[in-house]
Amino acid sequence: LDHPAIPKVYDYFSAGLDGSAAAGDAAEGAPPTWFLVQAFAPGRSLRQMIGDRGRLDNAKAEVLLRQLLAVLDYLHSRHPPVIHRDIHPGNVIVGADGRASLVDFGAIQDRLRGDKGGSTTIGTFGFVPMEQLVGKARPASDLYALGMTMLVALSHREPEELPYDEGASKVRVDEAVPGLAPGIRRAISGMVEPLVGQRPQSAAEALALLDRPALPAPREAKTRVVAPAEAPPSAIWRTIGALAIGGGLLAAGAIYILFFDAFSETELVRISILWVAPVAFGFGVRWGERSPLATGFLWSGVAVFLLILFIYGIFPSL
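Under the working numbering, residues 1078 to 1395 are what the sequence shown spells out, in order.
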């Protein structure tokens, strides 16, 4: 492995618990203990920072998350993929310059061993996803461990102390770390999905969640002052119809009350058209919803025609 965030491995060896050579222990039936000789990574672990009550703000958390995702992208893109299997706050070292290193590759797994995920559960309680517990670690398992590591560092709570949605068996990220930046919340929430199929399947996918632009905030509705609506046409025509009816009835009253003695019977019959026409027009306008004016004239014409038939039917001499 050759990455600036991974301390260089110089050598490895095995020995018994008392420091004796592994071969001697193996002869006595005791399994050997393996050791890695790596370059020293200066700085403090996230576990130490949590113990000192050191807080990560959104800016520092995003920088740290990007660095560690870049390390996982490097590991998982090896052929075969290299899976760390034991990411937790104690294995993340942050230097004085803010650069992060991933250490303790003792639990490392690759496909060269042909174990197809391994038959032994390796990892730290609270940071191990379900598929790794049953010996089926994969790249997405490291993403889960990193997501939980970030939550512990941000919230200063151990995994068992984080708020969980009992129905989904998932950490409630918003409640665990209020005020988290949208991109960080989106990435971590995806990484700690309990079901491996719902998690990002690569570090690149997790970075895409981190970088995905937030949806634009809904625009505030502008208040528009609306002028009072004019009276609808139907109301206007009803008024005109009422005036026409009223005018016609007033004309009839004037003719038959005021001028009754001034006209002969024949003249009274003839001038009755003066009030019948406006009354019929008024009723037509009020009842004609689609074309009140045309309906008014139609009713007026029909009324006059019927009046003429009535007059000449009774008074043929007219």
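Please keep in mind that the hints were generated in silico from the structure rather than gathered at the bench. Just so you know, not all the hints are guaranteed correct.
As the list claims (entries may be wrong) - Calculated lysine to any residue pairs in the SDA-like style (CA-CA distance at most 20 Å, straight line):
1. K1137 with F1182
2. K1137 with K1213
3. K1213 with G1256
4. K1247 with F1182
5. K1247 with G1267
6. K1213 with P1157
7. K1137 with A1177
8. K1137 with P1108
9. K1137 with V1273
10. K1137 with G1274
11. K1085 with K1213
12. K1085 with S1154
13. K1137 with L1272
14. K1213 with I1127
15. K1085 with K1137
16. K1247 with G1274
17. K1137 with R1176
18. K1085 with D1150
19. K1137 with I1127
20. K1213 with G1172
21. K1137 with K1247
22. K1137 with A1147
23. K1213 with G1203
24. K1137 with G1120
25. K1213 with V1273
26. K1213 with V1140
27. K1213 with T1201
28. K1085 with G1203
29. K1137 with G1256
Please read all numbers here as calculations on a predicted model, not as lab measurements.
Here's how the hints hold up against the structure:
Pair hint K1137 plus F1182 does not hold up; C-alpha atoms about 25 Å apart against a cutoff of 20 Å. Our distance criterion of 20 Å between C-alpha atoms is broken by K1137 and K1213, whose separation comes to about 32 Å. Between K1213 and G1256 the CA atoms are separated by roughly 35 Å; this puts the pair beyond 20 Å, and the hint is violated. Using a Cα cut-off of 20 Å, the hinted pair K1247 and F1182 is violated, with the two alpha carbons roughly 27 Å apart.
Distance check on the hinted pair: K1247 and G1267 sit about 10 Å apart at the alpha-carbon level, within 20 Å; holds. Between K1213 and P1157 the CA atoms are separated by roughly 15 Å; this keeps the pair inside 20 Å, and the hint holds. At most 20 Å may separate the alpha-carbon atoms for a hinted pair to count; K1137 and A1177 meet this at roughly 11 Å. Our distance criterion of 20 Å between C-alpha atoms is broken by K1137 and P1108, whose separation comes to about 43 Å.
Between K1137 and V1273 the CA atoms are separated by roughly 27 Å; this puts the pair beyond 20 Å, and the hint is violated. In summary, the hint linking K1137 to G1274 is not supported, as the alpha carbons are separated by about 29 Å, beyond the 20 Å threshold. As the CA atoms of K1085 and K1213 are separated by approximately 27 Å, the hinted pair breaks the 20 Å bound. With a C-alpha separation of about 18 Å, the suggested pair K1085 and S1154 falls inside the 20 Å cut-off, and the hint holds.
The suggested pairing of K1137 with L1272 is violated, with an alpha-carbon distance near 28 Å, which exceeds 20 Å. For the suggested pair K1213 and I1127, the alpha carbons sit about 30 Å apart, so the restraint of at most 20 Å is broken. For a cut-off of 20 Å, the pair hint linking K1085 to K1137 is broken: about 25 Å separates their Cα positions. This hinted pair checks out: K1247 and G1274 have alpha carbons roughly 14 Å apart, not beyond 20 Å.
For the given pair, K1137 sits about 11 Å from R1176 by alpha-carbon distance, which is consistent with the 20 Å threshold. A C-alpha spacing of about 18 Å is found between K1085 and D1150, which places the hinted pair at or below 20 Å, so the restraint holds. For the suggested pair K1137 and I1127, the alpha carbons sit about 14 Å apart, so the restraint of at most 20 Å is met. Distance hint between K1213 and G1172 is unfulfilled; the C-alpha atoms sit about 33 Å from each other, more than 20 Å.
Distance check on the hinted pair: K1137 and K1247 sit about 25 Å apart at the alpha-carbon level, beyond 20 Å; violated. A C-alpha spacing of about 15 Å is found between K1137 and A1147, which places the hinted pair at or below 20 Å, so the restraint holds. In summary, the hint linking K1213 to G1203 is supported, as the alpha carbons are separated by about 17 Å, within the 20 Å threshold. With a CA separation close to 16 Å, the supplied pair K1137 and G1120 stays within the 20 Å bound.
A C-alpha spacing of about 11 Å is found between K1213 and V1273, which places the hinted pair at or below 20 Å, so the restraint holds. As the CA atoms of K1213 and V1140 are separated by approximately 30 Å, the hinted pair breaks the 20 Å bound. Note on K1213 and T1201: the hinted pairing holds, with a Cα-Cα distance of about 15 Å set against a maximum of 20 Å. A C-alpha spacing of about 28 Å is found between K1085 and G1203, which places the hinted pair above 20 Å, so the restraint is violated.
With a CA separation close to 14 Å, the supplied pair K1137 and G1256 stays within the 20 Å bound.
The structure does not agree with the numbered hints 1, 2, 3, 4, 8, 9, 10, 11, 13, 14, 15, 20, 21, 26, 28 stated previously, though it agrees with the rest.
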